[in-house]
Every structure is written in structure tokens, then in C-alpha cells.
Amino acid sequence: MKRPSILLRSLVIVYVGALLALPLGFVFQQALSHGWGQFWIALHDHAMDLAIILSLKVVVLAVPLNVLFGVGVSMWIVRHPSPLSRFIDVIIDIPLAISPIIVGLILELAYAQNGWFGSAFAAAGLRIMFSYPAIVLASVFVSLPLVSRQVIPLLREVGDHQEQTAATLGAKPSRIFFTITMRSIAWAAAYGVTLTLARVLGEYGAVLIVSGNIALITQTLTLNIGANFESFNAYQGFVGALLLALVSVIVLVFIGVARHRLERKRHVSFV
Amino acid sequence: MSVSYSGVTKSFGGRLVLDDISDIVNEGELTALLGPSGSGKSTLLRIIAGLTPLDSGRVSLAGRDVTNTPARDRHIGFCFQDYAPFRHLSLRENVAYGLKVQHVARAQRREQVDELLRLVRLEEFADQYPHQLSGGQRQRMALARALAIKPDVLLLDEPFAALDAQVRAELRSWVRTLQQEVGITTILVTHDQVEAMEIADRLVILNSGRIEQAGRPSFVYDHPATDFVASFLGPITSIGGISYRPHELEIVSLGDGAESATVSEVIRLGFEVRVVLAGDDGTSTWVQLTHDQAKHLNPGVGQRYGIRVRSSKASKDAPLSSNVDAPR
Amino acid sequence: MPVAPTNSLDVEVARPPQPWWSGLRSAGLDSAKSITGKSLVVGYLSLLILIPVAALVDNAFKGGLGSFWSQATSTEALDAIKLTVLCSFVAAMVNAIAGTATAYVLVRDRFIGRSALNAIIDLPFALPTVVAGITFYTLYGPHSPFHVNITGTWIGVTVAIMFVTLPFSVRSVEPVLESLTIDAEAAASTLGASSFYVFRTITLPAIMPALLTGTGLAFARALGEYGSVVFISNNIPYHSEIASSYVYSLVSSGQNAAAASVAMLLLVGALCVLIVSNVVARRLARRRG
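Protein chains in written order, with my numbering: chain Z, 22 to 292; chain Y, 108 to 435; chain P, 3 to 291.
Treat the hints with caution; some may be incorrect.
Simulated DEER-style distance windows between Cβ atoms [claimed, not checked]:
no., chain 1, residue 1, chain 2, residue 2, range
1, P, 206, Z, 104, 33 to 43 Å
2, Z, 111, Y, 197, 38 to 48 Å
3, Y, 397, P, 191, 25 to 35 Å
4, Z, 195, Y, 325, 28 to 38 Å
5, Y, 407, P, 194, 51 to 61 Å
6, Z, 35, P, 206, 38 to 48 Å
7, Y, 276, P, 274, 52 to 62 Å
8, Z, 77, Y, 210, 47 to 57 Å
9, Z, 70, P, 185, 20 to 30 Å
10, P, 189, Z, 199, 46 to 56 Å
11, P, 193, Z, 31, 54 to 64 Å
12, Z, 104, Y, 281, 39 to 49 Å
Listed next, the stretches of chain Z that the computed footprint assigns to chain P, with coverage defined by at least 3 CB atoms under 8 Å from CB atoms of chain P [as the list claims (entries may be wrong)]:
no., segment
13, 41-53
14, 130-144
Because the hints were derived from the structure by calculation, they are not lab data. These numbers were taken from a predicted model, which means no experiment stands behind them. A virtual CB, placed ideally from N, CA and C, is assigned to each residue, including glycine.
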């Protein structure tokens with residue numbers, strides 16, 4: 022096997038380094054540029070702390086929702102094919118083709134007070150837009166297919182013979198699911214969950230519209246970072262960015278491990 | 108435990124796969140469902156197992172109607188062609204799965220699993236994982252796993268198809284011995300007539316979703332009910348418009364009231380020698396000779412001989428069937 | 003010539019797919035449960051995707067086709083769309099080349115730090131876009147440590163989009179390169195072909211379908227990108243405003259119908275890109291057999 026030349030390798034390293042590694046390192050440099058003492062104080066910024074709490078609250082609801090949905094819909098599409106399930110297979114990928122801004126827009130058109138359903142919800146005393154539910158809705162939307170895209174190909178590959186064998190051995194569907202199915206798709210699901218987590222935590226455009234971006238109330242960490250940066254408090258923005266960058270490094274490490282465990286890369290869909 | 112099914116009908120997307128099938132499998136017997144691909148034999152096995160719903164008909168195990176019983180309550184053992192090992196479980200855990208489902212106590216479970224592993228001669232591999240085993244070992248593991256729950260019936264879907272020739276022959280006789288030892292009613296699906304005749308007490312021959320014939324292997328071989336069965340169970344050739352097994356014919360000197368023919372090809376396959384002859388009416392016939400017979404006769408291409416039915420065959424039995432087309 | 007009849011038959015063809023619980027279902031045990039599950043999925047998807055998309059179509063065409071068209075193609079809208087398409091195209095092309103080179107090095111080369119390189123490729127999927135956005139503004143803005151200011155220019159927008167879309171090209175080409183047998187390449191080079199000639203005639207045709215799909219995905223994603231671009235672009239109307247920024251400005255000023263019209267156009271454009279790249283990739287793959 023002929024190796025690529027050193028020149029090509031160097032060019033690639035320089036390109037990837039300048040485009041990806043440099044910005045990542047720059048976040049850390051900026052956030053720590055005023056020393057650890059300043060950094061410690063900035064960490065306790067009230068608005069940022071509230072934003073972190075809100076972001077975590079969104080993750081806690083949106084990620085499990087999408088994992089449940091993703092695994093359930095994958096089982097349906099692979100193990101129970103029908104015209105309806107094939108239609109769903111197509112439409113669950115739509116969120117990947119839509120701009121986050123458009124996601125925010127269409128959710129507002131449907132659920133704002135003057136939108137399609139807003140008045141109905143308002144009459145029932147429910148306010149969706151510019152509140153926690155809207156942020157969850159937007160987060161769920163943008164990360165909807167990330168789990169199922171990983172799980173579907175693996176479920177297909179594994180086939181249903183193990184599950185059927187378990188059934189003939191007397192196992193109930195729930196037991197089959199947890200002792201056989203879940204075990205075969207565990208790494209693919211974990212990979213999907215990681216991508217979902219990263220996407221939910223990092224969503225900006227869609228959440229910007231549906232949350233109303235109200236400081237201390239509906240501002241997630243990403244919105245808080247953007248707001249700080251725009252109000253000429255770049256340093257505070259970079260402190261928040263550092264926290265998210267740390268999470269993304271952990272995510273990267275986990276993605277690497279999960280890929281390795283899934284061995285054959287063709288099982289891994291990267292978006 | 109006997110198995111019986113009646114009026115079993117199944118179609119997939121408008122294509123009729125099983126057409127009003129009925130049969131009874133006696134207790135302790137090993138029955139082979141034999142047929143070409145697409146004959147519906149695997150579908151029938153899955154219907155008996157409860158893995159595929161049927162359109163109409165009834166299935167009963169030991170006189171108990173199980174038509175509407177889910178697979179998990181039928182108490183059957185099922186082995187897939189790919190053995191479907193639980194990939195994330197060790198061999199021991201694979202075999203123990205059914206016992207765990209039944210909440211068998213740990214100590215007792217261990218004892219039973221050990222005994223099963225001894226039975227299938229896999230004791231030393233107990234803690235290995237399926238990917239570390241060979242095809243034959245995986246197959247024996249699948250059998251042990253199915254037998255663990257002491258099923259009433261054992262259902263095997265093409266159990267030897269994925270193995271290479273030598274292992275296949277070995278496992279075949281081993282499975283037969285095991286089945287007789289355990290005394291379990293067994294239904295096995297295969298497309299290989301040699302395998303079916305070697306292993307089975309009884310053959311059920313399927314073609315295009317219908318049962319062509321059922322009976323003891325030797326009887327079915329000698330008395331095929333239809334042309335399909337005759338040609339499916341073994342080679343056939345014809346002489347004077349009548350079908351015979353090639354070994355039922357002999358080549359003699361011209362005259363003697365035999366049909367005269369010219370040798371057109373001699374194919375030597377080790378012990379067996381096939382002599383292809385062209386009759387004077389243009390039809391072709393082939394005769395199977397043993398190595399010794401061929402050596403004695405030494406037929407050469409272009410030589411003329413007579414063909415006739417061996418005397419033992421002619422005196423005892425009628426021909427296979429009449430009006431069978433000559434093989435291509 | 004007569005041929006000895008043979009009984010060797012093909013193994014059983016695959017049965018039509020049957021859900022494993024269909025047997026259970028025939029017993030009527032789990033049908034209620036599965037119908038509830040399906041209704042939940044359909045309801046969830048309707049609330050989340052179908053109804054909002056329907057609301058978009060409704061709003062875009064509320065004032066009729068003429069009003070849709072005039073709003074979607076106003077000068078400001080057209081300028082924003084033109085800029086977005088141009089920058090997305092340039093970024094996708096650059097990354098098609100750089101991504102292929104990166105995948106090639108990742109698959110064929112062995113060196114210290116290769117796994118780090120491999121890991122960091124996915125950074126754009128893991129790092130929030132807003133973090134990338136403020137970082138690029140600071141790196142290449144008015145206070146740039148390199149004294150380069152590309153804010154408010156198409157170059158700035160393109161660089162941000164290049165960041166976001168690099169992994170699409172790399173990760174779609176990589177598995178194909180891995181599965182490609184090296185035999186053909188080796189055979190060609192023993193015939194005296196230069197490495198570049200081997201790449202152009204053997205490797206490139208093989209990875210083309212995957213590269214096209216990956217580039218299509220990257221381009222579609224770029225058309226809608228917001229967080230990483232919005233800071234460096236400065237959002238100057240008619241000059242450096244990207245399409246999503248324009249939609250956002252319409253939404254914030256309450257012009258929902260106009261926002262819906264532009265969004266509709268963008269959405270259809272992105273879907274077309276995805277469909278066309280998929281169809282072309284599939285044709286290419288089929289021609290190669």
C-alpha cells in the first residue's frame with residue numbers, strides 16, 4: 022500500500038488545524054486570558070448561571086424524549102414495516118434539511134398566540150411560545166432523527182432471529198427488548214444520544230426565535246453567550262463558551278470510542 | 108408429543124405460499140419437510156412455531172390447539188439456519204436464557220446448563236462468546252439452548268445448510284443420535300434430499316405450497332407418487348417413455364430383447380460411472396454403473412449396446428411412473 | 003446431449019419480511035399496545051413537523067402566489083440568498099477537495115497524532131455554532147490577533163461555513179476509501195502510472211457518489227446556517243446579510259408572512275439540493291455497477 026506523501030499529510034494537518042483546532046484552542050485562551058481569579062468570578066455571573074440551569078433543564082427533558090422516540094420509531098420502521106412507517110422514515114429526516122431559523126419560524130407560526138394553535142392553547146391557559154416548553158420543542162425538533170439514524174441500520178443488520186429465538190424460549194416482548202434488542206443496539210443508541218445531547222445543548226437559531234431570548238428567564242447558555250458577546254462583554258461570553266467547548270471535547274472523545282466499538286463504520290451515520 | 112396441522116393456508120402479498128396443507132407428525136419421530144426453494148417449507152415451520160401467523164387452518168401440539176397461542180407459550184424449540192446466537196452472551200448464558208425466563212433457581216440452572224453442554228460436547232467452551240466458536244459449535248449451542256427448556260417439539264430450519272460438507276455429514280448423524288437419545292419429536296426443514304433421506308423417519312415433500320407426498324424415505328424413493336417427487340428425490344432417466352432410476356437399468360450386448368442404443372458419453376465420477384446412450388429413436392438415456400461393472404463392460408463412445416431393466420427390478424416392482432419427460 | 007439430472011437446488015430464498023411479533027399479534031395480545039404506540043408517534047410527528055410545516059406553507063401563500071413571489075424575491079431577499087448560495091457553494095467545493103484529501107490521509111496514512119486528527123474532524127458537530135461564531139469574529143475581526151479583518155465580507159461568511167461543513171465531506175468519503183481494495187490502485191501503479199493518475203482514474207470515480215452526497219448535505223446545511231455565520235457577517239443588508247439572518251430580521255420585526263415566503267423558498271431549495279445530489283450519486287453508483 023502506497024502512503025500519501027508527507028506534503029499531503031502536512032497540508033491536511035495545517036488545514037484542519039487552522040479551521041478546527043485553532044478556534045477550539047482560542048476559546049480556552051480567551052476565557053482564561055484574564056487569569057483564574059477573573060475566570061472564577063465570571064463563572065458566578067448570575068445571568069449565566071440561570072442560563073446554565075435552563076439549558077440543563079432543557080437537556081433533561083429533550084434528550085430522553087428523543088431517545089425514547091428514536092428507539093421506538095426505529096423498532097417500528099425496521100421490525101414492523103408498513104406504508105405508514107415508510108412515510109415516517111422519510112419525514113423524520115426533514116429536520117436535518119431545515120435551517121434552525123426556519124425551525125424557529127415555523128414553530129412560532131404554529132404555536133404563537135396569533136398562530137394556528139396558539140389561541141387554542143391560550144384559551145386552555147397554556148403559553149407555549151417564549152417559555153420553557155417552546156425551547157424544548159425547538160430542541161427536540163432539531164435533534165429528532167439523530168438517534169434513529171444510528172439505530173435503524175444496526176437493527177436491520179442484526180435481523181430479528183435472535184428476538185424470535187428468545188420468543189420461542191418463552192420470553193415476553195418487554196424482556197426480549199431489554200435483554201436482546203437493547204443489547205445489540207446499545208452502542209449505536211449511545212452514539213445517537215451523544216449527538217443529540219451536543220445538538221440540544223448547542224442549539225442557537227431555533228431557540229433564539231422561540232424563546233424570545235429574555236435574560237434571566239428564557240435565556241439558554243448559548244443565547245447568554247451570544248447576548249454577552251453582542252453587548253460588548255466578550256470575555257463573559259467566552260467563559261460560557263469554554264464550558265460548552267469542554268462538553269464538546271468530552272463528546273468528541275465519546276464519539277471516538279463509540280465509533281471504535283461499532284467497528285464497521287458503515288453502521289455509523291455521521292449526522 | 109405429536110404435532111398436527113390441518114388446512115394451513117398462507118399468502119404473502121397476494122402470492123399463495125401454503126395451500127391447504129394438512130399432516131400429522133407422530134410422537135418421537137423425526138420428520139423432514141423437503142422441497143425446493145419457494146416451496147413453502149420454511150413458512151410452514153414458522154407457522155408451527157407461532158412465528159408467522161397463518162391465514163386459515165389449525166395447528167395443534169399434543170392434541171392442544173395452539174393456533175392462537177403466541178410462540179412464547181407454545182413450548183417449542185426453534186433453531187434458525189444462522190443459529191441466531193445471542194451475540195452479547197457467553198455460550199453458557201445463551202443456553203441458560205430459557206431457564207432464566209422460567210425463573211429456574213441459580214444452582215439448578217447451572218446444573219442443567221452443564222449437563223446440556225456435556226450433551227452437545229461444548230463443556231470446555233462454556234465461557235466463550237459466539238464469535239469465538241466455529242459454525243458447527245454454534246449450531247450445537249443453538250440446539251442446547253433450544254433443548255434447555257425441555258420443549259415438546261424441536262423445529263430445525265435448514266440446520267446444516269451453512270456448514271461445509273465434512274462438518275455437515277458429521278453433525279447430521281450426531282443430531283440423529285441426539286434426537287433418538289432425547290426422544291423428542293422433531294421437524295426439520297431441508298432442501299437436500301440426501302440429508303432428508305439419511306436423517307428422517309418420515310419425509311413430507313412440498314412443492315409450490317402443496318404436499319406432494321409423505322411417507323417413509325425408502326418407500327417414497329421407490330414409490331414416488333408424482334413425477335416431481337421422483338425427480339426431486341433422485342436422478343431419473345427414461346427408456347421407451349417409462350421412467351427409471353439410472354441404477355435400475357443395465358447395459359447388455361445387443362439383442363436379448365433390449366432397446367439398442369449408441370454410447371455418446373462416458374462420465375467417470377470416482378466409484379460411479381455414468382454412461383449416456385442415444386437410442387435409435389433419438390431419445391437419450393443414461394445408466395449408472397459401478398466402477399467394477401464399467402471396468403468389466405468397458406463401454407466406449409460410438410459403441411452399440413442394448414439397454415434393459417435389471418432383472419431384480421423388473422420382477423419385483425413396477426416402473427417409477429409412466430410418461431415422465433426425459434431429463435434435459 | 004443429455005445431461006444427468008441434478009437435484010442440487012438453491013437454498014431457500016428470503017421470505018418476505020414478517021414482524022417477529024406478528025404471531026403474538028394474531029393472538030390479539032399486543033395489538034392494543036402497538037396501536038397506542040403508533041398513534042403516539044404519528045401525533046408527536048404531526049405536532050412537531052407536519053403542522054408547523056403546514057403553517058409555514060399557509061403563511062407563505064396567505065396573500066396569494068403574487069405576494070409570495072414578490073416577498074421571496076425582494077431585492078434584500080435576493081441579495082441575501084445570492085450571498086448565501088455563493089458562499090455555501092465555494093465552501094462546499096473547497097471542502098470537497100480538502101475533505102477528500104483529509105479522508106485519504108486518515109485512511110491511508112499512519113502517523114503520530116492521526117487519532118487526534120480523526121477525533122477533531124467531528125468538532126463542528128460537537129461545538130455549538132454560537133461558540134464557533136464568536137470565536138471566528140474574535141479571531142478574524144477588528145481586534146484580530148493576526149490583524150486580519152474579514153468581518154462583513156463574503157470571505158468571512160465562507161470561512162465560517164467551511165468550519166461547519168468540513169466533516170460532511172470527510173465522513174462520507176472515508177468509509178468508501180476504506181472499503182476500496184488497494185489492489186486496483188496497486189495494479190495501476192505497477193503499470194507505471196503516477197500516483198495522481200491512479201487517484202484520478204481509479205480512486206476518484208469510486209468515491210464520487212459518496213463525495214457528491216456528502217457535498218450535497220454540506221451545501222444544504224450551509225444554506226440554512228445561522229449561529230456560526232451571524233457574528234462574522236455583520237449582517238449588513240444588501241451586502242453581507244445571509245439568508246437566515248434576513249429571515250430572522252423579518253421575524254423579529256413581526257413580518258411573519260414575508261419571513262414565511264423567504265423561508266419557503268430556502269426550504270424548497272435545500273430539499274432540491276438534497277434530492278438532486280442523491281439522485282445523481284445513485285446514478286453514478288449504478289453506472290459503476
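Okay, the hints, checked on the actual structure:
no., hint, verdict
1, P:206 with Z:104: 33 to 43 Å, "holds (39 Å)"
2, Z:111 with Y:197: 38 to 48 Å, "holds (40 Å)"
3, Y:397 with P:191: 25 to 35 Å, "violated (57 Å)"
4, Z:195 with Y:325: 28 to 38 Å, "violated (49 Å)"
5, Y:407 with P:194: 51 to 61 Å, "holds (55 Å)"
6, Z:35 with P:206: 38 to 48 Å, "violated (23 Å)"
7, Y:276 with P:274: 52 to 62 Å, "holds (60 Å)"
8, Z:77 with Y:210: 47 to 57 Å, "violated (41 Å)"
9, Z:70 with P:185: 20 to 30 Å, "violated (59 Å)"
10, P:189 with Z:199: 46 to 56 Å, "holds (50 Å)"
11, P:193 with Z:31: 54 to 64 Å, "violated (29 Å)"
12, Z:104 with Y:281: 39 to 49 Å, "holds (47 Å)"
13, 41-53, "holds (count 8)"
14, 130-144, "holds (count 6)"
In summary, the structure is inconsistent with hints 3, 4, 6, 8, 9, 11 from the numbered list given earlier, while agreeing with the others.
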